[in-house]
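All chains should be modelled from the sequences, with the hints used to inform the complete structure.
Residue numbers for the sequence shown, in this note's numbering: 1294 to 1456.
It should be emphasised that the hints constitute simulated quantities derived from the structure, not laboratory data. Note that the structure is predicted; figures quoted are calculated from it, not measured. Worth double-checking, as some hints may not be accurate.
As the list claims (entries may be wrong) - Here are the simulated SDA-like pairs of lysine to any residue, each with C-alpha atoms no more than 25 Å apart in a straight line: (1) Lys1438 x Ser1427; (2) Lys1381 x Asp1445; (3) Lys1413 x Lys1440; (4) Lys1447 x Lys1356; (5) Lys1408 x His1431; (6) Lys1416 x Ile1363; (7) Lys1370 x Asp1317; (8) Lys1413 x Ser1427; (9) Lys1359 x Thr1387; (10) Lys1408 x Ser1309; (11) Lys1414 x Ser1392; (12) Lys1416 x Lys1454; (13) Lys1447 x Gly1378; (14) Lys1370 x Ser1427; (15) Lys1356 x Ile1376; (16) Lys1438 x Gly1378; (17) Lys1408 x Leu1362; (18) Lys1341 x Thr1318; (19) Lys1440 x Ala1385; (20) Lys1360 x Asp1334; (21) Lys1447 x Glu1386; (22) Lys1365 x Val1446; (23) Lys1416 x Leu1398; (24) Lys1414 x His1431; (25) Lys1313 x Ser1331.
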Amino acid sequence: MKNICLLSDTHGKLESWVFKYFEDTDEIWHCGDLGSISVIDSINKNFKLRAVYGNIDNAQIRKSLKKNLIFKVEGIKVLMTHIAGPVKKYNAETLKIISDEKPQLLVCGHSHILKVVYDKKFKMLYMNPGSCGSFGIHKFKTLLKFKIEGNDVKDLKVIEKER
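Next up, the structure:
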């Protein structure tokens, strides 16, 4: 079993309140728009990080991270990207990866809108944790916590903090 904390769109600052949600996790997943190499460093100091770069990330971040990640945790194949597009309207690049790789879990960011929904067409769970940063139109800073056990994603919790 793996405990996961999923976040996105920190835009250069990872606030101290977020770190308490990292403490009992096995992996931190960041879906891009980190905004600063210091965000990567602050997570990597004490936690295992999986991350992709986003559209606002600079050349230094883009050199150290990939645009898309495909990986397996327990029995779940995961696709991580920053801009996937909305469910049922994925962008062409994401659609090709989904068709080729057939992930069971797609995690993404960019929209600043928290959304978790099962995509029946692709037999895949879609998770966007919203934005954990202060930049953007969102009223709440959000992240997701969940467990992966075997082929199951379970115990999903939404963490939110008013801006």
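Evaluation of the provided hints:
1. Lys1438 x Ser1427: holds (20 Å)
2. Lys1381 x Asp1445: holds (22 Å)
3. Lys1413 x Lys1440: Cα-Cα ~21 Å, so holds.
4. Lys1447 x Lys1356: Since the Cα atoms of Lys1447 and Lys1356 sit roughly 33 Å apart, the hinted pair is violated (cutoff 25 Å).
5. Lys1408 x His1431: Measuring from Cα to Cα gives roughly 13 Å; hence the hint holds.
6. Lys1416 x Ile1363: holds (16 Å)
7. Lys1370 x Asp1317: holds (22 Å)
8. Lys1413 x Ser1427: Violated. Lys1413 to Ser1427 sits at ~33 Å, over the 25 Å cutoff.
9. Lys1359 x Thr1387: Holds - the C-alpha atoms of Thr1387 and Lys1359 are around 14 Å apart, at most 25 Å.
10. Lys1408 x Ser1309: holds (24 Å)
11. Lys1414 x Ser1392: holds (11 Å)
12. Lys1416 x Lys1454: Distance of about 31 Å is beyond 25 Å: violated.
13. Lys1447 x Gly1378: holds (24 Å)
14. Lys1370 x Ser1427: violated (31 Å)
15. Lys1356 x Ile1376: holds (18 Å)
16. Lys1438 x Gly1378: Holds, at about 22 Å.
17. Lys1408 x Leu1362: holds (20 Å)
18. Lys1341 x Thr1318: holds (9 Å)
19. Lys1440 x Ala1385: violated (30 Å)
20. Lys1360 x Asp1334: Roughly 18 Å between the alpha carbons, so the hint for Lys1360 and Asp1334 holds.
21. Lys1447 x Glu1386: The given pair, whose Cα atoms are some 28 Å apart, is violated under the 25 Å limit.
22. Lys1365 x Val1446: The given pair, whose Cα atoms are some 13 Å apart, holds under the 25 Å limit.
23. Lys1416 x Leu1398: With a Cα-Cα distance of about 9 Å, the restraint between Lys1416 and Leu1398 holds, given a limit of 25 Å.
24. Lys1414 x His1431: Outside the cut-off at roughly 29 Å; violated.
25. Lys1313 x Ser1331: holds (18 Å)
Of the numbered hints listed earlier, those contradicted by the structure are 4, 8, 12, 14, 19, 21 and 24.
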